[in-house]
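Q: Sequence:
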Amino acid sequence: GMSSLQSLVSILLEDNNFYGTIDNLFNPLVQLNVTTVTISDNQFTGTLPDNVFLLPHLSTFVAVNNCFNSKLTEVICRSTKLIALALDGMASADVCRLKLLPGISNSYLSENTVESTIPLCLFTLPQLN
1 GMSSLQSLVS ILLEDNNFYG TIDNLFNPLV QLNVTTVTIS DNQFTGTLPD NVFLLPHLST
61 FVAVNNCFNS KLTEVICRST KLIALALDGM ASADVCRLKL LPGISNSYLS ENTVESTIPL
121 CLFTLPQLN
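First residue of the sequence shown: 1, per full-length UniProt numbering; consecutive thereafter.
These aren't lab readings, by the way, just hints derived from the structure by calculation. Worth double-checking, as some hints may not be accurate.
[Unchecked claim] Mimicking DMTMM-like on lysine to aspartate or glutamate, the simulated pairs with C-alpha atoms at most 20 Å apart in a straight line are: (1) K71 <-> D88; (2) K71 <-> D23; (3) K81 <-> D50; (4) K81 <-> D94.
[To be verified] Taking CB as the label site, the calculated pair distances span: (5) T124 <-> N17: 35 to 43 Å; (6) T80 <-> S10: 17 to 25 Å; (7) T80 <-> V30: 17 to 25 Å.
Each residue gets a CB set at the ideal place from its N, CA and C atoms; glycine is no exception.
With the sequences and hints as input, model every part of the structure.
A: Written out as C-alpha cells, the structure is:
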C-alpha cells in the first residue's frame with residue numbers, strides 16, 4: 001500500500017469522495033520524504049492517525065471537510081516542520097451532515113463529533129504562524 005512507498009513526497013487525495021479510515025496510510029519509518037498531505041473534501045472516518053504527525057518532514061497537512069471523530073493529541077506537536085495546518089470542518093463532509101429538511105440541500109446541521117481542546121504545544125511550533 002501507500003505506507004510502503006519510500007520515495008513519496010506528496011500525498012494529494014483531496015476532492016475524491018474517498019471514504020473509510022486512513023489508519024494505515026502513513027508510516028513515518030518508511031515515508032521519510034513526505035512533506036505535504038492534503039486529504040480534504042472526502043468522507044474519511046474514524047480517528048486522525050497520530051502517525052501522520054510523526055512523518056519527519058511534514059510541512060503541510062490539510063484535512064478539511066471529512067468525517068473524522070477524533071481528538072487532537074499532543075503528538076501533533078512532534079511535527080516541528082509544520083508551516084501550514086488546516087483542520088477546520090474535520091467532521092463536516094456532506095455525508096456527515098444531518099438533513100433538516102429533506103429535498104433542500106442547504107438545510108442541515110453539521111454534527112460536531114470532534115470534541116477536543118487544542119494542544120497548547122501547537123502554539124509553540126517554530127514555523128507554524
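Q: Check each numbered hint against the structure and report the violated ones by number, ascending.
A: Of the numbered hints, just 4 does not hold.
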